[in-house]
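Chain B: place on chain A using the hints.
From first to last, the protein sequence lines stand for chains A and B. Numbering-wise, this note's numbering puts 453 at position 452 of the first sequence, and it's gapless, one number per residue. Numbering-wise, this note's numbering puts 335 at position 347 of the second sequence, and it's gapless, one number per residue.
Rather than coming from a laboratory, the hints here were simulated on the basis of the structure. Errors might be hidden in some of the hints.
[Stated by the list, open to error] Here are the simulated BS3-like cross-link-like pairs (lysine-lysine), alpha carbons at most 27 Å apart as the crow flies: (1) B:Lys10 <-> A:Lys411; (2) B:Lys217 <-> A:Lys271; (3) A:Lys375 <-> B:Lys232; (4) B:Lys10 <-> A:Lys310; (5) A:Lys411 <-> B:Lys247; (6) A:Lys411 <-> B:Lys217; (7) A:Lys462 <-> A:Lys271; (8) B:Lys336 <-> A:Lys375; (9) B:Lys45 <-> A:Lys411; (10) A:Lys310 <-> A:Lys411.
[Claimed, not checked] Here are some chain A residues the structure puts well away from chain B; computed CB gaps all over 12 Å: (11) Phe27; (12) Leu33; (13) Arg35; (14) Glu44; (15) Glu60; (16) Lys198; (17) Asp225; (18) Glu226; (19) Glu284; (20) Ser353; (21) Arg362; (22) Ser425; (23) Arg426.
[What the hints assert, rightly or not] Ranges between beta-carbon positions, derived for each pair: (24) B:Arg331 <-> A:Ser377: 37 to 47 Å; (25) B:Ala345 <-> A:Ser377: 45 to 55 Å; (26) B:Arg8 <-> A:Ser377: 16 to 26 Å; (27) A:Ser416 <-> B:Gln222: 35 to 45 Å; (28) A:Ser377 <-> B:Asp334: 54 to 64 Å; (29) A:Lys142 <-> B:Glu310: 53 to 63 Å; (30) A:Ser377 <-> B:Arg344: 47 to 57 Å; (31) A:Val67 <-> B:Arg331: 38 to 48 Å; (32) A:Asn326 <-> B:Gln251: 29 to 39 Å; (33) A:Ile201 <-> B:Arg331: 52 to 62 Å; (34) A:Lys462 <-> B:Asp334: 55 to 65 Å.
C-beta atoms are modelled at their ideal positions from N, C-alpha and C, and glycine is treated no differently.
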Amino acid sequence: MSEKQNIQEVDRSLYDFKDDESKGFFRMKEGLTREIVEQISEEKHDPKWMHDFRLKSLEIYNNMEVPNWGPPIDGLDMDRISSYVRSKSNMKGNWDEVPEEIKNTFEKLGIPQAERESLAGVGAQYDSELVYHNVRDEVAKSGVVYTDMESALTGDYADLVEQTFMHLVPPTDHKFAALHGAVWSGGSFVYVPKGVKVDIPLQSYFRLNAKGAGQFEHTLIIVDEGADLHFIEGCSAPKYNVANLHAGCVELYVRKGARLRYSTIENWSKNMYNLNTKRALVEEGGRMEWVSGSFGSHVSYLYPTTILKGDHSHCEFTGITFAGNGQNLDTGAKMIHIGEDTSSYINTKSISKDGGISTYRSSIVIEPSAKRAKSSVDCASLMLDDISRSDTIPAMDVRTGDADVGHEAKIGRISDEAVFYLMSRGISESEARAMIVSGFADPVSKELPLEYAAEMNNLIKLEMEGM
Amino acid sequence: MAETTKTMQVGRIPSLTWNRLKVNYSLVEGDLSVQEDVATTFSGLPEGISGSTLTQKQAQDWLSANAPEEKAEAVVAGKEPIYHPQAFGTGLGKEYDDFVQGAAKSVRFLEVAEGQKIARPILWDVHCERGARAVTSQILHVGKNSALTLVMTEDSDRDASGASLVSTKVVLEEGAQLHLVEVQLLGKGFLSMHDCGAALKDNASLEVTGLYLGADKTYLGTQAELVGKASRLQVDMGYLVTGKETCSVNVNAVQRGKKTQVQMHFDGVLDGTAQKNFCGTIDFRKGSKGSVGNEQENVLLLSDSIVNKTLPVILCEEEDVEGRHGASIGRLDEQMLFYLAARGIDEKTAEQMMVRARLRAVASHIPVRSLREHIRDFIEEAFEG
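Isolated chain A (complex conformation) (with noise of 0.2 Å):
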């Protein structure tokens, strides 16, 4: 059992497409500065309270440090990366009147054949701009609002934008989120009415093409009262020699009664830097639940939080993370309670092999409000080989003596025994360690729909082929 399995690097070439960026692309040029958020802002048409909320937020970025936890983004370089990039034609609600190109992209991805058997509806982001938007006609007749960024700050939900943009995550927040305020392009805006319930889930699909460029959407939903709402978010991109960004930003509102799904599979290339953020706030006796599969970039910085305000609110957290040679993957939650007898549950996996590194981070905290708050976090870490790294650095600040909070973490590697149990009885010894990281990762693919779970289970399959 001491022998070591060659560890293959996974094959991207189902992502690892690339457009002819050449034709009918607009591209602005690298860097950040005050000339060009203005541009940007003048591309989009933006109202005069978001020109100015861009202009606030440059001036917040330059004055931020980058962290000084995490891992490092010195590989970052904003004078090299290019903040807009578009297709020179507009948004369609048709899928043949998609250009050619980049309608090839989503059709080896899948996404119109996943529309048609299972979505009620589906955006498609290229690079800096949604190039396609549909919603079924009954989702849409139930009064659910399934559209663009763009076209929400000034349609008929303006006034809710403009009262819930980034009041989630300021851009105060941090560097990054600052860096987004100035210069987000693209995104969903949902809205679902009281006590409407969507059956089948909606989908957002990223796609990064640019080389050297940053993706920075911003996603924007409100289930309103008593509505209930599954959204999955999936996003690939090419391998590029130079340094990617994705900036984007995840702000989910969950009214009174209501429960909101978030699943997201990150398959972004190796040559991403992935400081995305995502923040909820639930309200009374709401429901988040976030299913997170991070398996990409080179670098990730990614810690959805939820903020549980009303009382009786509940959040679930599952999440795996998969660090393979050449990433650091800095990964976690953040739960806070404020209201009375909320609760919340955190339950990640993460892997690590060829050399990557995966941190899990978290931070429970229970406000001096947060009577008979309780909150259990289960986190366990894999180690494939001694030249990965895994730590697990998990912070709990509780405020009130009235609450229940309990951690569990384990760390190890797949056991010699449960190997030996397999193969004697017939498995090979790369099935059965292929087999007991699937068992590992069980728990956050029985929470995915079939179809996405099978995709995640095959980038398991790929990540430990040859083992």
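Coordinates of chain B only, in the frame set by chain A:
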């Protein structure tokens, strides 16, 4: 001897996290002047132990020669430096260590010769007078296959104020065993700082039993470097933080040798408006194959106005290890309260029973009966207060 520093950063954790949580380190603010270098002398030491006094230079030279070797290649590129920038790492860190070196003229050096099993515990009692501002610095060197139990007790009058700053460096040679007991029963106005750094060679064993029940502000730090194969660390620590008291704890177990074992257990009680900041780190370095590290903190919360921060960290760069940590923070279990209420025991009494049980469980590791009784009386007095 007078030296004052307005602010000192202590207990910086090995891998930083979000600054807004204010858990990355603790700040010691206010009067840090020291007037007295506690010149403890040992009389009647049993055969096999020698006690002497070193100058700071002699002490630092000795420590440099006996410090665990740094392996810079094991540091993950770009990470916050996870090695303390100290010649001999300690839990409170460089700023405190430098301060003590400046404040303490001399260092007590206690050495156990090779092959000596000292059956009787060595008692080291420091009684602080009212207003005392004392610094105590010592090195413990336990020779190959030797064994020693050292019991350090600090106390003062219950209503006394002052400062007591302690620094202990430990070097355990191959097969050496040290049971280090620290009991702090200082008055309500005291600043108490305890710092420890230890290096363990092959098959060495360090057992630390700590009970910190007094003082207004307490800062505790321990860093044990398990350099030798099959070296072992066991930590049992209890604390009681009440009223407006604060307590900050940083314990790092650095597992470098093969088949090292770490067991750390922390039991605490918070009441009033007490604030506690705890960080415990199990750090599996490359080469620590076959090692095991376990850590558990249980905190009993008796008031709605407390602030409890807990950060149990595992850092791992080795595949063949098993690490586990857990934390349990909250009030008494409702079922237990119901059980006791059914037997006529009210909630307050039940709480006191649990506090006694938790702290006495730690005290049971102390091999000196009279000290255990002293601790019991101190806890009872705390209840009366």
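For each hint, the structure was consulted:
{"no.": "1", "hint": "B:Lys10 <-> A:Lys411", "verdict": "holds (25 Å)"}
{"no.": "2", "hint": "B:Lys217 <-> A:Lys271", "verdict": "violated (38 Å)"}
{"no.": "3", "hint": "A:Lys375 <-> B:Lys232", "verdict": "holds (26 Å)"}
{"no.": "4", "hint": "B:Lys10 <-> A:Lys310", "verdict": "holds (22 Å)"}
{"no.": "5", "hint": "A:Lys411 <-> B:Lys247", "verdict": "holds (17 Å)"}
{"no.": "6", "hint": "A:Lys411 <-> B:Lys217", "verdict": "holds (22 Å)"}
{"no.": "7", "hint": "A:Lys462 <-> A:Lys271", "verdict": "holds (18 Å)"}
{"no.": "8", "hint": "B:Lys336 <-> A:Lys375", "verdict": "holds (23 Å)"}
{"no.": "9", "hint": "B:Lys45 <-> A:Lys411", "verdict": "violated (43 Å)"}
{"no.": "10", "hint": "A:Lys310 <-> A:Lys411", "verdict": "violated (30 Å)"}
{"no.": "11", "hint": "Phe27", "verdict": "holds (35 Å)"}
{"no.": "12", "hint": "Leu33", "verdict": "holds (23 Å)"}
{"no.": "13", "hint": "Arg35", "verdict": "holds (28 Å)"}
{"no.": "14", "hint": "Glu44", "verdict": "holds (35 Å)"}
{"no.": "15", "hint": "Glu60", "verdict": "holds (21 Å)"}
{"no.": "16", "hint": "Lys198", "verdict": "holds (35 Å)"}
{"no.": "17", "hint": "Asp225", "verdict": "holds (31 Å)"}
{"no.": "18", "hint": "Glu226", "verdict": "holds (31 Å)"}
{"no.": "19", "hint": "Glu284", "verdict": "holds (24 Å)"}
{"no.": "20", "hint": "Ser353", "verdict": "violated (9 Å)"}
{"no.": "21", "hint": "Arg362", "verdict": "violated (6 Å)"}
{"no.": "22", "hint": "Ser425", "verdict": "holds (22 Å)"}
{"no.": "23", "hint": "Arg426", "verdict": "holds (24 Å)"}
{"no.": "24", "hint": "B:Arg331 <-> A:Ser377: 37 to 47 Å", "verdict": "violated (30 Å)"}
{"no.": "25", "hint": "B:Ala345 <-> A:Ser377: 45 to 55 Å", "verdict": "violated (24 Å)"}
{"no.": "26", "hint": "B:Arg8 <-> A:Ser377: 16 to 26 Å", "verdict": "holds (23 Å)"}
{"no.": "27", "hint": "A:Ser416 <-> B:Gln222: 35 to 45 Å", "verdict": "violated (25 Å)"}
{"no.": "28", "hint": "A:Ser377 <-> B:Asp334: 54 to 64 Å", "verdict": "violated (29 Å)"}
{"no.": "29", "hint": "A:Lys142 <-> B:Glu310: 53 to 63 Å", "verdict": "holds (56 Å)"}
{"no.": "30", "hint": "A:Ser377 <-> B:Arg344: 47 to 57 Å", "verdict": "violated (28 Å)"}
{"no.": "31", "hint": "A:Val67 <-> B:Arg331: 38 to 48 Å", "verdict": "violated (59 Å)"}
{"no.": "32", "hint": "A:Asn326 <-> B:Gln251: 29 to 39 Å", "verdict": "holds (35 Å)"}
{"no.": "33", "hint": "A:Ile201 <-> B:Arg331: 52 to 62 Å", "verdict": "holds (56 Å)"}
{"no.": "34", "hint": "A:Lys462 <-> B:Asp334: 55 to 65 Å", "verdict": "holds (59 Å)"}
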